Amino acid sequence: MSNNKKRQVMNHDAYPDNYIRGILNSVKSIAMVGASPVNVRPSYFAFKYLAQRGYDMIPVNPGHVGKELLGKPFVASLSDIGRPVDMIDIFRNSSHIMPVVEEALALDPLPKVIWMQLGARDDAAAAKAESVGIKVVMNRCPKIEYGRLSSEISWMGVNSRTLSSKRAPAPTQGMRLSLNRMSVGGGDTAASDRAAKNKTEQS
Amino acid sequence: MSDRLPGFSTLAVHAGAQPDPTTGARATPIYQTTSFVFNDADHAASLFGLQAFGNIYTRIGNPTNAVLEERVAALEGGTAALAVASGHAAQVVVLQQLLQPGDEFIAARKLYGGSINQFTHAFKSFGWNVVWADPDDIASFERAVTPRTKAIFIESIANPAGSITDIEAISTVARKAGMPLIVDNTLASPYLIRPIDHGADIVVHSLTKFLGGHGNSLGGIIVDAGTFDWSTGGKYPMLSEPRPEYHGIRLQETFGNFAFAIACRVLGLRDLGPALSPFNAFMILTGIETLPLRMQRHCDNAKAVAEFLAGHPAVASVSYAGLPSDKYHQLARKYAPKGAGAVFTFSLKGGYDAGVNLVSKLQLFSHLANVGDTRSLVIHPASTTHSQLDDAAKVKSGAGPDVVRLSIGIEDKEDLIADLEQALGA
Ligand SMILES: Cc1ncc(COP(=O)(O)O)c(C=O)c1O
Numbered sequence: 001m002s003n004n005k006k007r008q009v010m011n012h013d014a015y016p017d018n019y020i021r022g023i024l025n026s027v028k029s030i031a032m033v034g035a036s037p038v039n040v041r042p043s044y045f046a047f048k049y050l051a052q053r054g055y056d057m058i059p060v061n062p063g064h065v066g067k068e069l070l071g072k073p074f075v076a077s078l079s080d081i082g083r084p085v086d087m088i089d090i091f092r093n094s095s096h097i098m099p100v101v102e103e104a105l106a107l108d109p110l111p112k113v114i115w116m117q118l119g120a121r122d123d124a125a126a127a128k129a130e131s132v133g134i135k136v137v138m139n140r141c142p143k144i145e146y147g148r149l150s151s152e153i154s155w156m157g158v159n160s161r162t163l164s165s166k167r168a169p170a171p172t173q174g175m176r177l178s179l180n181r182m183s184v185g186g187g188d189t190a191a192s193d194r195a196a197k198n199k200t201e202q203s
Numbered sequence: 204m205s206d207r208l209p210g211f212s213t214l215a216v217h218a219g220a221q222p223d224p225t226t227g228a229r230a231t232p233i234y235q236t237t238s239f240v241f242n243d244a245d246h247a248a249s250l251f252g253l254q255a256f257g258n259i260y261t262r263i264g265n266p267t268n269a270v271l272e273e274r275v276a277a278l279e280g281g282t283a284a285l286a287v288a289s290g291h292a293a294q295v296v297v298l299q300q301l302l303q304p305g306d307e308f309i310a311a312r313k314l315y316g317g318s319i320n321q322f323t324h325a326f327k328s329f330g331w332n333v334v335w336a337d338p339d340d341i342a343s344f345e346r347a348v349t350p351r352t353k354a355i356f357i358e359s360i361a362n363p364a365g366s367i368t369d370i371e372a373i374s375t376v377a378r379k380a381g382m383p384l385i386v387d388n389t390l391a392s393p394y395l396i397r398p399i400d401h402g403a404d405i406v407v408h409s410l411t412k413f414l415g416g417h418g419n420s421l422g423g424i425i426v427d428a429g430t431f432d433w434s435t436g437g438k439y440p441m442l443s444e445p446r447p448e449y450h451g452i453r454l455q456e457t458f459g460n461f462a463f464a465i466a467c468r469v470l471g472l473r474d475l476g477p478a479l480s481p482f483n484a485f486m487i488l489t490g491i492e493t494l495p496l497r498m499q500r501h502c503d504n505a506k507a508v509a510e511f512l513a514g515h516p517a518v519a520s521v522s523y524a525g526l527p528s529d530k531y532h533q534l535a536r537k538y539a540p541k542g543a544g545a546v547f548t549f550s551l552k553g554g555y556d557a558g559v560n561l562v563s564k565l566q567l568f569s570h571l572a573n574v575g576d577t578r579s580l581v582i583h584p585a586s587t588t589h590s591q592l593d594d595a596a597k598v599k600s601g602a603g604p605d606v607v608r609l610s611i612g613i614e615d616k617e618d619l620i621a622d623l624e625q626a627l628g629a
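Residue numbers (my numbering), protein chains in the order written: chain A, 1 to 203; chain B, 204 to 629.
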């Protein structure tokens, strides 16, 4: 990704499905910063789900080193992982994003994607990562996006904003699901994206 | 995989549905089962803890109902939906998430009579206090706001007179006051009006009416627009605070822009219990597939019938926003350019007795308490749907003693007009 000057500026208020789909289809390993062993925390939900869908999950949390999360040993920091990771998923508040991004930018090789969790957004940190060719997603949950693009989340009455006339296999544990359904802007949630944007601008 | 935008009719047929994974069945199967087996103990725990997507028990969710939910969410442009047993159940479940005993909500005075009744009496016994405002006077909503107000409730097209509500103006009041706007979109259906596009935060429907459309199944639905920030000021603890029944989960934090729909499911439907039968969900889904075709025909027929009545010597007045002379015509052009719906009222010069006489003489129109059927329907609201209101409230809600309400079906309009003509004539 050397030609990053030609790269289109990502609109972080409303991601095209293709962008998210491309990320979830290509990354294999995900380091989750702020992963919690407490089973009612959103990070635990996402960690467990992504592991079940076949991602190689690495829990990063200095407070739990020496313990495991669903069989995966905690590491204290990104630099302790000791092998390349495709994506960093940051489960921290917006005010704690920048130091994690800076840590990620010191990795060699660089991660391909930095993902900030639902509710977390730091445009300056995003610009920094994008300037070296890293793809950034903010204020989204990878579990929700995977569930949406595969339509598995439809079990909960959620608008997946996708259609398919194909017969898909019934999802079982450990199965990777196809994310290649037709996207429907017509079933949009433009209103929700707009509300999120107004909220960011106010804060 | 381009991000192309399919139209409304495509979504009405396809959204939420796909061939059945096990059998390949193309029509959505009726999953007529109470419960679903777990793979193992961990799977069961994950489902009960809301950690995994899947089915547990039909009071909480069902695959047939889920197709209906996603379809209506897509048609309304919402993030998620929850189907329940009736329109009235939808209203209870929505307000249960928003109000604590002693709280207030503001409701437009022009509403379905059953809703006026539900708000005035049943909800009062829960300690939820309704404060009425006049949809023709936007400032009356602003004046009604107090520190205990938690929501505003309106109908997009109001039952019985088919008046059109200025959703955007009222959503501005709601936004300023920091509370969600709930819109009952039953009489418009998303084919005519999508309230979320005009600032609604929550949409409710009686699916019993135009969405199901055939007068054969009761149902209700709640659509989450994903627009409201529930975390501010601890005003909506069901969404923002740790839930003891789920070991401390905070719903907004966990489910983001569809947290309200999840709250309605796991705190409302699960505990109050008004689940929709999967069979009804199937019937309603089948109805929705033809919604765009039916709704246009309903509106075109209604306009023709309203024009006929407006020119008839026995008729004192017609209240239909599709007529250029109507008080609500400008609002109809703005909010419902494809048609002003198919439920409206008219009054007869001969008053109450003439109304009773008309109803008894009609041969195609059915005299019953429903709207939004393929068949044309007629009723005298003052003695039925609005009978529990006092006389002043009847007039205020558009259901005075001389008023007759029609719900125009999809028959041939010439036959409907001929039936009215013979009944008005003699
Ligand atoms: C506008 C409106 N809202 C709600 C309802 C209540 O719906 P249900 O009868 O499905 O409970 C009705 C029923 O007539 C209605 O017309």
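Since the hints were made in silico from the structure, they are not lab data.
The structure presented is a predicted model; accordingly, all values stated were derived computationally and were not measured.
Among the hints, erroneous ones may be present.
Here are the computed lysine to any residue pairs in the SDA-like style, where the Cα-Cα straight-line distance is at most 20 Å [as the list claims (entries may be wrong)]: (1) A/Lys-166 <-> B/Thr-226; (2) A/Lys-166 <-> B/Thr-225; (3) A/Lys-199 <-> B/Lys-537; (4) B/Lys-599 <-> B/Arg-346; (5) A/Lys-197 <-> B/Thr-225; (6) A/Lys-166 <-> B/Pro-209; (7) A/Lys-48 <-> B/His-450; (8) A/Lys-166 <-> B/Asp-432; (9) A/Lys-197 <-> B/Glu-456; (10) A/Lys-48 <-> B/Glu-371; (11) B/Lys-552 <-> B/Val-598; (12) B/Lys-599 <-> B/Glu-617; (13) B/Lys-379 <-> A/Gln-202; (14) A/Lys-48 <-> B/Lys-599; (15) A/Lys-166 <-> B/Arg-229; (16) B/Lys-327 <-> B/Ala-596; (17) A/Lys-166 <-> B/Val-216; (18) B/Lys-537 <-> B/Leu-526; (19) A/Lys-199 <-> B/Pro-209; (20) A/Lys-48 <-> B/Ala-372; (21) A/Lys-48 <-> B/Ala-248; (22) A/Lys-48 <-> B/Glu-456; (23) A/Lys-199 <-> B/Ser-434; (24) A/Lys-199 <-> B/Asp-432; (25) A/Lys-166 <-> B/Tyr-449; (26) B/Lys-379 <-> A/Lys-112; (27) A/Lys-166 <-> B/Thr-213; (28) A/Lys-48 <-> B/Ala-247; (29) A/Lys-166 <-> B/Glu-456; (30) A/Lys-48 <-> B/His-246; (31) A/Lys-166 <-> B/Ala-228; (32) A/Lys-199 <-> B/Asp-400; (33) A/Lys-112 <-> A/Ser-29; (34) A/Lys-48 <-> B/Thr-225; (35) A/Lys-197 <-> B/Gly-381; (36) A/Lys-48 <-> B/Arg-453; (37) A/Lys-197 <-> A/Asp-123; (38) B/Lys-541 <-> B/Gly-317; (39) B/Lys-379 <-> A/Arg-194; (40) A/Lys-166 <-> B/Pro-222.
Each hint tested on the structure:
1. Simply put, A/Lys-166 and B/Thr-226 have alpha-carbon atoms about 12 Å apart, close enough for the 20 Å limit, and the pair holds.
2. Note on A/Lys-166 and B/Thr-225: the hinted pairing holds, with a Cα-Cα distance of about 12 Å set against a maximum of 20 Å.
3. The straight-line distance between the Cα atoms of A/Lys-199 and B/Lys-537 is roughly 28 Å, outside the 20 Å bound, and the hint therefore fails.
4. Between B/Lys-599 and B/Arg-346 the CA atoms are separated by roughly 19 Å; this keeps the pair inside 20 Å, and the hint holds.
5. A distance of roughly 41 Å separates the Cα atoms of A/Lys-197 and B/Thr-225; the hinted pair therefore is violated under the 20 Å criterion.
6. Distance restraint check for A/Lys-166 and B/Pro-209: the Cα-Cα separation of roughly 17 Å lies within the 20 Å cut-off, and the hinted pair is therefore satisfied.
7. A C-alpha spacing of about 17 Å is found between A/Lys-48 and B/His-450, which places the hinted pair at or below 20 Å, so the restraint holds.
8. Restraint check for A/Lys-166 and B/Asp-432: not satisfied, since their Cα atoms lie roughly 36 Å apart, outside the 20 Å limit.
9. Straight-line distance between C-alpha atoms of A/Lys-197 and B/Glu-456 comes to about 17 Å, which keeps the hinted pair within the 20 Å bound.
10. Between A/Lys-48 and B/Glu-371, the direct Cα distance comes to roughly 42 Å. Violation of the 20 Å bound is thereby established for this hinted pair.
11. About 16 Å separates the Cα atoms of B/Lys-552 and B/Val-598, which keeps this hinted pair within 20 Å; it holds.
12. Simply put, B/Lys-599 and B/Glu-617 have alpha-carbon atoms about 33 Å apart, too far for the 20 Å limit, and the pair is violated.
13. For the given pair, B/Lys-379 sits about 14 Å from A/Gln-202 by alpha-carbon distance, which is consistent with the 20 Å threshold.
14. Distance restraint check for A/Lys-48 and B/Lys-599: the Cα-Cα separation of roughly 56 Å exceeds the 20 Å cut-off, and the hinted pair is therefore not satisfied.
15. Our distance criterion of 20 Å between C-alpha atoms is met by A/Lys-166 and B/Arg-229, whose separation comes to about 10 Å.
16. The suggested pairing of B/Lys-327 with B/Ala-596 holds, with an alpha-carbon distance near 18 Å, which does not exceed 20 Å.
17. At roughly 15 Å between alpha-carbon atoms, A/Lys-166 and B/Val-216 fall within 20 Å of each other, so this suggested pair holds.
18. A threshold of 20 Å between alpha carbons decides the hint, and for B/Lys-537 with B/Leu-526 the separation of about 14 Å falls inside it, so the pair holds.
19. A threshold of 20 Å between alpha carbons decides the hint, and for A/Lys-199 with B/Pro-209 the separation of about 29 Å lies outside it, so the pair is violated.
20. Between A/Lys-48 and B/Ala-372, the direct Cα distance comes to roughly 45 Å. Violation of the 20 Å bound is thereby established for this hinted pair.
21. Between A/Lys-48 and B/Ala-248 the CA atoms are separated by roughly 12 Å; this keeps the pair inside 20 Å, and the hint holds.
22. With a C-alpha separation of about 17 Å, the suggested pairing of A/Lys-48 with B/Glu-456 holds against the 20 Å cut-off.
23. As the CA atoms of A/Lys-199 and B/Ser-434 are separated by approximately 12 Å, the hinted pair is consistent with the 20 Å bound.
24. Between the alpha carbons of A/Lys-199 and B/Asp-432 the distance comes to roughly 8 Å, so the proposed pair stays at or under 20 Å and holds.
25. At roughly 36 Å between alpha-carbon atoms, A/Lys-166 and B/Tyr-449 are farther apart than 20 Å, so this suggested pair is violated.
26. Distance hint between B/Lys-379 and A/Lys-112 is unfulfilled; the C-alpha atoms sit about 42 Å from each other, more than 20 Å.
27. Among the hinted pairs, A/Lys-166 with B/Thr-213 is consistent with the structure: their alpha-carbon atoms are about 16 Å apart, no more than 20 Å.
28. Pair hint A/Lys-48 plus B/Ala-247 holds up; C-alpha atoms about 14 Å apart against a cutoff of 20 Å.
29. Straight-line distance between C-alpha atoms of A/Lys-166 and B/Glu-456 comes to about 34 Å, which puts the hinted pair past the 20 Å bound.
30. Between the alpha carbons of A/Lys-48 and B/His-246 the distance comes to roughly 11 Å, so the proposed pair stays at or under 20 Å and holds.
31. For the proposed pair A/Lys-166 and B/Ala-228, the alpha carbon gap of about 11 Å is at most 20 Å, so the pair holds.
32. A threshold of 20 Å between alpha carbons decides the hint, and for A/Lys-199 with B/Asp-400 the separation of about 18 Å falls inside it, so the pair holds.
33. Proximity of A/Lys-112 to A/Ser-29 is assessed by CA-CA distance (about 10 Å); at most 20 Å being required, the pair is judged to hold.
34. Our distance criterion of 20 Å between C-alpha atoms is broken by A/Lys-48 and B/Thr-225, whose separation comes to about 26 Å.
35. A threshold of 20 Å between alpha carbons decides the hint, and for A/Lys-197 with B/Gly-381 the separation of about 17 Å falls inside it, so the pair holds.
36. Restraint check for A/Lys-48 and B/Arg-453: satisfied, since their Cα atoms lie roughly 18 Å apart, inside the 20 Å limit.
37. A threshold of 20 Å between alpha carbons decides the hint, and for A/Lys-197 with A/Asp-123 the separation of about 12 Å falls inside it, so the pair holds.
38. For the proposed pair B/Lys-541 and B/Gly-317, the alpha carbon gap of about 28 Å is over 20 Å, so the pair is violated.
39. About 17 Å separates the Cα atoms of B/Lys-379 and A/Arg-194, which keeps this hinted pair within 20 Å; it holds.
40. Straight-line distance between C-alpha atoms of A/Lys-166 and B/Pro-222 comes to about 6 Å, which keeps the hinted pair within the 20 Å bound.
Checked against the numbered hints above, the structure violates hints 3, 5, 8, 10, 12, 14, 19, 20, 25, 26, 29, 34 and 38; every other hint is satisfied.
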